[in-house]
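Read top to bottom, the protein sequences are chains X and A.
Heads up: the first sequence begins at 1 in the numbering used here, then just goes up one per residue.
Heads up: the second sequence begins at 1 in the numbering used here, then just goes up one per residue.
Hints may contain errors.
Unchecked claim - Only part of the chain X face toward chain A is listed, based on derived beta-carbon distances under 7 Å:
| id | residue |
| --- | --- |
| 1 | Leu-23 |
| 2 | Pro-27 |
| 3 | Gly-63 |
| 4 | Ser-93 |
| 5 | Pro-95 |
| 6 | Ser-140 |
| 7 | Ser-147 |
| 8 | Phe-149 |
| 9 | Ile-173 |
Simulated from the structure, these hints should not be mistaken for laboratory data.
Quick reminder that beta carbons are idealized off the backbone N, C-alpha and C, glycines included.
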Amino acid sequence: MSVRSPAGDTGAAAREARAWAILEDVPDPEIPVLSITDLGIVRYVRCDADGQLHVGLTPTYSGCPATEVIRQSVRAALQAHGCADVQLEEVLSPPWSSDWVSAAGRAKLTAFGIAPPATAVSSPRQLRGTPRIACPRCASPDTERISEFGSTPCKAHYRCASCGEPFDYFKCI
Amino acid sequence: MSPRATPVTEADAALHAAHLRYVLRLADTSLVLGQRLGEWVGHAPELEEDLGLANLALDLIGQARLLLTYAGELEGRGRDEDALAFLRDAPEFMNLTLAEQPNGDFGQTIVRQWLIDTWQLQVYEGLTASSDARLAAIAGKALKETRYHHRFSCGWLARLGDGTPESRRRVQRALGELWRFTPELFAADEVDEHMSRAGIAPVLGDLARGWSIQVEADLGAATLERPATHPYPWHGKRGVHSEHLGHLLAEMQHLPRTYPGARW
Chain X
1 MSVRSPAGDT GAAAREARAW AILEDVPDPE IPVLSITDLG IVRYVRCDAD
51 GQLHVGLTPT YSGCPATEVI RQSVRAALQA HGCADVQLEE VLSPPWSSDW
101 VSAAGRAKLT AFGIAPPATA VSSPRQLRGT PRIACPRCAS PDTERISEFG
151 STPCKAHYRC ASCGEPFDYF KCI
Chain A
1 MSPRATPVTE ADAALHAAHL RYVLRLADTS LVLGQRLGEW VGHAPELEED
51 LGLANLALDL IGQARLLLTY AGELEGRGRD EDALAFLRDA PEFMNLTLAE
101 QPNGDFGQTI VRQWLIDTWQ LQVYEGLTAS SDARLAAIAG KALKETRYHH
151 RFSCGWLARL GDGTPESRRR VQRALGELWR FTPELFAADE VDEHMSRAGI
201 APVLGDLARG WSIQVEADLG AATLERPATH PYPWHGKRGV HSEHLGHLLA
251 EMQHLPRTYP GARW
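Produce the complete structure using the sequences and hints provided.
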């Protein structure tokens, strides 16, 4: 047990809250308008009895190339704010779901020109249908899917029939 | 059971060896298929399908990384994912023979993908109930991805099978070429039996039924005919491969073997 300062803000709960606040400003490297907390990939922040900080991160997709960059950014951000003793832990279960993208994250995606994930993924059956996606530019529901695959594993490629613009759709998984 | 515990009895040692081999089989099937799909990058018939195939490859290689890392820990000899991927020779690879078959034309790639997607759907679904929590977690994650891989491959199977006379002819021919590798998908050997007895893996024979129903449905939608099964004992998962794996590995392993320890 190590208490490094007599000030009350070194308590475990306060350190965890501070770490969450720092992580809220760590951007996703592929969609920088989103923070990693908006994306729902920070699963827990825990400060143990020895004062070590444990951060649980889950990958969005098994092969997501951003995973390593995110680990480095998390470590760097926490260190820059004086949290040097950090243990990053990979959490695979339950697997990441687009349902974990926060309401704030969804609003940021739309403002950035990416249609946010449409439906809650509560059953595999819902994954099979193709929901109507509104165009993030003109809000028209008259859109069509060009490809289920896009510029990153988490996005599909769509086109709006009303304004004629192509756009990315953040997939439901 | 604790996967990293040092085996003490002979039975423990046998279970440990089977466990490691089982995880390597899953890992190598994903890795080899991912490498094959990567060969399409820049060559697919449409930009969208180029991205689609690359996306599938990325998922498969990601799954292989998780599984190889786990296999390295089970083995306990300090080999990481890279050592296992790049420094083993063909007889040490435990992938299904189907996964290493050449890309052929787009139709042949789709048929190979679809056959393995339908197999992985069954296997990963079963593994989510595994007594091995690590394997169950990897399977749960991979299953989500396999569902859209299957949506991609069976969608193209239907478009090609129920498409033009030329696309139909080619995809039916590819099916005939590749069907002979399917008996290996569900042929259980002592490793599979050991794993299902230990509650680590589902019983392979039980999965064959679900696979067959899925395959019938997809072939029906694609108006394709299911070829006759002529069992031939392919043993990719025992390390006995077709002539194609060595060439694939030569390309995949060339850089790390030529420049050992090289870093970006």
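Hint by hint, here is what the structure shows:
{"no.": "1", "hint": "Leu-23", "verdict": "violated, 22 Å"}
{"no.": "2", "hint": "Pro-27", "verdict": "violated, 21 Å"}
{"no.": "3", "hint": "Gly-63", "verdict": "holds, 3 Å"}
{"no.": "4", "hint": "Ser-93", "verdict": "holds, 4 Å"}
{"no.": "5", "hint": "Pro-95", "verdict": "holds, 4 Å"}
{"no.": "6", "hint": "Ser-140", "verdict": "violated, 22 Å"}
{"no.": "7", "hint": "Ser-147", "verdict": "holds, 4 Å"}
{"no.": "8", "hint": "Phe-149", "verdict": "holds, 4 Å"}
{"no.": "9", "hint": "Ile-173", "verdict": "holds, 5 Å"}
Taken one by one, the earlier hints fail for this structure at numbers 1, 2, 6, listed in ascending order.
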